[in-house]
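Chains as they are written, first to last, in my numbering: chain A, 2 to 309; chain B, 278 to 549.
Just so you know, not all the hints are guaranteed correct.
[Claimed, not checked] Just some of the chain B residues that point at chain A, by a computed CB distance under 7 Å:
hint: 1; residue: R351
hint: 2; residue: E364
hint: 3; residue: N486
hint: 4; residue: T524
hint: 5; residue: I529
Since the hints were derived computationally from the structure, they do not count as laboratory data.
All residues carry an ideal CB built from backbone N, CA and C; glycine is no exception.
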Amino acid sequence: MRALSASSYLEVASEALQISRVLIGDQQVPLKTEIPLGGLSDVSISCHLDVNKILEESRLTKPSRIYLSIDGTCEYLGVRETIKSWKVDLEQPTTIFEETLGQIHNDLINNGLVLTFLVCVVDPVAQRNEQLACNFDGGILLREEVIVSERGEGVLFPLQYCNFNSDEDPTWQIELDIESDLNAPASSALQVKISDESMLYKGLAADRNANEWQSAAATLLHAIQTECLIKVFENDDVLAQLQEATDNFQRLDSTHWARNANSIGFALNNWMHYFCAGRSIIEVAAEFKSNPLGVIVDLRKSFLRRKW
Amino acid sequence: MTGQIEPLFTIDIGEKSLLIPAITKEVVSRIFAKNEGPLTSRPDYAANPTSYGKGPIAKPPGALVSPEKLMKLRTDVIADLESAGFELNAQISSVTDWDRALGESLKKNLKMSLVQENDQGVWAYLTLYVFWEFPTWRYHGRKGKGSDGEIIYSAKRWEGGNKNVLRKCWMRASALGPDLGTDGLSGTVEVLNEDELVNVFERTTLARNRDLLRAIVQTIYIKRPTSDNRMFAVRRFATAVLHRTPTTHFGILHEKLLPTLSDIFDEVNPTS
Numbered sequence: 002m003r004a005l006s007a008s009s010y011l012e013v014a015s016e017a018l019q020i021s022r023v024l025i026g027d028q029q030v031p032l033k034t035e036i037p038l039g040g041l042s043d044v045s046i047s048c049h050l051d052v053n054k055i056l057e058e059s060r061l062t063k064p065s066r067i068y069l070s071i072d073g074t075c076e077y078l079g080v081r082e083t084i085k086s087w088k089v090d091l092e093q094p095t096t097i098f099e100e101t102l103g104q105i106h107n108d109l110i111n112n113g114l115v116l117t118f119l120v121c122v123v124d125p126v127a128q129r130n131e132q133l134a135c136n137f138d139g140g141i142l143l144r145e146e147v148i149v150s151e152r153g154e155g156v157l158f159p160l161q162y163c164n165f166n167s168d169e170d171p172t173w174q175i176e177l178d179i180e181s182d183l184n185a186p187a188s189s190a191l192q193v194k195i196s197d198e199s200m201l202y203k204g205l206a207a208d209r210n211a212n213e214w215q216s217a218a219a220t221l222l223h224a225i226q227t228e229c230l231i232k233v234f235e236n237d238d239v240l241a242q243l244q245e246a247t248d249n250f251q252r253l254d255s256t257h258w259a260r261n262a263n264s265i266g267f268a269l270n271n272w273m274h275y276f277c278a279g280r281s282i283i284e285v286a287a288e289f290k291s292n293p294l295g296v297i298v299d300l301r302k303s304f305l306r307r308k309w
Numbered sequence: 278m279t280g281q282i283e284p285l286f287t288i289d290i291g292e293k294s295l296l297i298p299a300i301t302k303e304v305v306s307r308i309f310a311k312n313e314g315p316l317t318s319r320p321d322y323a324a325n326p327t328s329y330g331k332g333p334i335a336k337p338p339g340a341l342v343s344p345e346k347l348m349k350l351r352t353d354v355i356a357d358l359e360s361a362g363f364e365l366n367a368q369i370s371s372v373t374d375w376d377r378a379l380g381e382s383l384k385k386n387l388k389m390s391l392v393q394e395n396d397q398g399v400w401a402y403l404t405l406y407v408f409w410e411f412p413t414w415r416y417h418g419r420k421g422k423g424s425d426g427e428i429i430y431s432a433k434r435w436e437g438g439n440k441n442v443l444r445k446c447w448m449r450a451s452a453l454g455p456d457l458g459t460d461g462l463s464g465t466v467e468v469l470n471e472d473e474l475v476n477v478f479e480r481t482t483l484a485r486n487r488d489l490l491r492a493i494v495q496t497i498y499i500k501r502p503t504s505d506n507r508m509f510a511v512r513r514f515a516t517a518v519l520h521r522t523p524t525t526h527f528g529i530l531h532e533k534l535l536p537t538l539s540d541i542f543d544e545v546n547p548t549s
């Protein structure tokens with residue numbers, strides 16, 4: 002029963018699809034600069050499909066219908082859609098797709114968007130005597146993901162200015178939502194809200210080269226780290242997940258995006274590793290439970306000594 | 278290929294919708310810890326026509342909905358539920374019908390942007406500050422472990438996730454319509470029950486793809502129009518479709534989508 006078991010069929014090596022360019026407006030993805038919060042942005046692509054290679058490697062023949070399709074996924078906003086698809090002309094040895102696809106809402110881009118290029122088959126016809134060719138409709142022969150933006154990374158760090166209507170009048174408020182998506186970067190689980198009357202707000206609104214901005218940014222990062230760890234240490238479920246995530250992080254290949262030293266995810270992981278000083282998070286959490294103040298003081302000290 | 282400058286996604290971003298305040302999960306926990314049984318009168322922290330309520334409420338920048346409009350939303354939704362035969366705070370005769378009526382009313386009366394729809398803090402705010410008695414009205418809780426037989430409620434009905442009392446109904450009505458996909462089908466078709474809906478909606482890979490979700494539900498109604506013997510068949514079917522998603526691109530199937538799903542249903546439910 003195929004539906005309940007893993008499928009075995011011949012896929013196609015990624016060289017058959019060369020994505021040379023994906024542009025949002027005139028910016029190459031992944032985006033490194035801010036885009037407006039609302040409105041729409043043009044998206045254009047340029048890619049090259051080697052039709053001969055697809056047929057050769059998948060062991061399918063020309064009566065099959067092959068499609069190139071682009072799916073857009075924004076996990077944080079709960080959106081998955083096939084946004085564009087083309088039937089590939091199998092009479093041509095190669096096909097070049099180069100065009101402005103249309104427009105994408107900036108809300109999707111600002112909340113983390115992935116475009117997935119898929120080459121798939123409908124009405125598959127296998128080459129003679131080929132048992133391993135894909136034999137079902139919609140079979141995915143090749144899949145390439147292009148990250149347009151990562152929510153929680155760099156400019157897309159989920160920071161929100163707001164008015165608090167509170168007797169306590171907090172300067173900032175942090176929510177750690179680890180359930181949002183297990184595949185998302187750790188920092189995307191943060192919801193950070195800053196009171197727009199506070200000094201912190203004014204500092205963050207200042208010029209980025211100004212001392213006020215740097216001081217405010219450092220304060221915020223410190224606040225996030227301390228607050229998150231406190232939340233983590235008080236929750237055994239989250240603690241176990243974080244330990245697993247940290248272990249996984251240590252095993253990541255050096256080319257993985259999260260290993261990029263510019264990412265907040267990297268900074269947080271690096272700092273936590275430094276702070277824990279070889280101890281597991283669970284050990285530190287146990288210490289926190291018996292001596293919370295001591296651990297917080299250590300957190301602050303290690304923040305001041307950080308080397309990232 | 279021809280280039281067309283038009284929105285690529287079919288979703289409605291709802292950019293012009295009024296914004297609703299939000300609270301964090303911590304605030305929910307704090308208030309929830311004080312709750313002692315069903316709420317029948319307005320708690321002192323809740324919103325009223327002149328105030329968003331008490332506590333650390335985050336108000337996003339932009340055009341905020343007024344407290345007065347929030348109270349009107351509350352009145353309208355309660356009126357819709359009452360006209361569907363449900364008296365406020367009274368025992369609910371059919372929770373499936375109550376959920377459907379609430380989903381339909383929220384879909385009609387509550388306009389939000391896509392970002393706010395997916396903000397758990399917004400749903401938590403609406404539940405605690407605007408529709409404060411809805412969780413205990415809908416869920417009567419279960420007897421606690423203590424010898425005094427205290428009633429225990431699940432905080433997840435207040436928090437803004439998929440199990441939130443409002444969000445759950447709104448999501449279903451939003452994706453499938455107020456009739457949960459039975460519109461246009463024979464009158465003998467019985468609407469999906471709670472377990473069946475959970476099995477589809479709480480698998481995010483399926484639920485976030487609206488076209489696939491609707492086709493799955495349509496297939497279920499075709500294959501098993503009545504609820505007899507349907508629950509386990511739906512569980513197996515939803516799992517099987519999910520298992521197929523890494524290898525099958527359902528979005529490209531178009532006219533072949535329903536036959537393909539029908540085959541999957543038959544594969545995992547051979548006696549149907």
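Hint check:
no.: 1; hint: R351; verdict: violated (18 Å)
no.: 2; hint: E364; verdict: violated (33 Å)
no.: 3; hint: N486; verdict: holds (4 Å)
no.: 4; hint: T524; verdict: holds (5 Å)
no.: 5; hint: I529; verdict: holds (5 Å)
Violated hints for the displayed structure, listed by number in ascending order: 1, 2.
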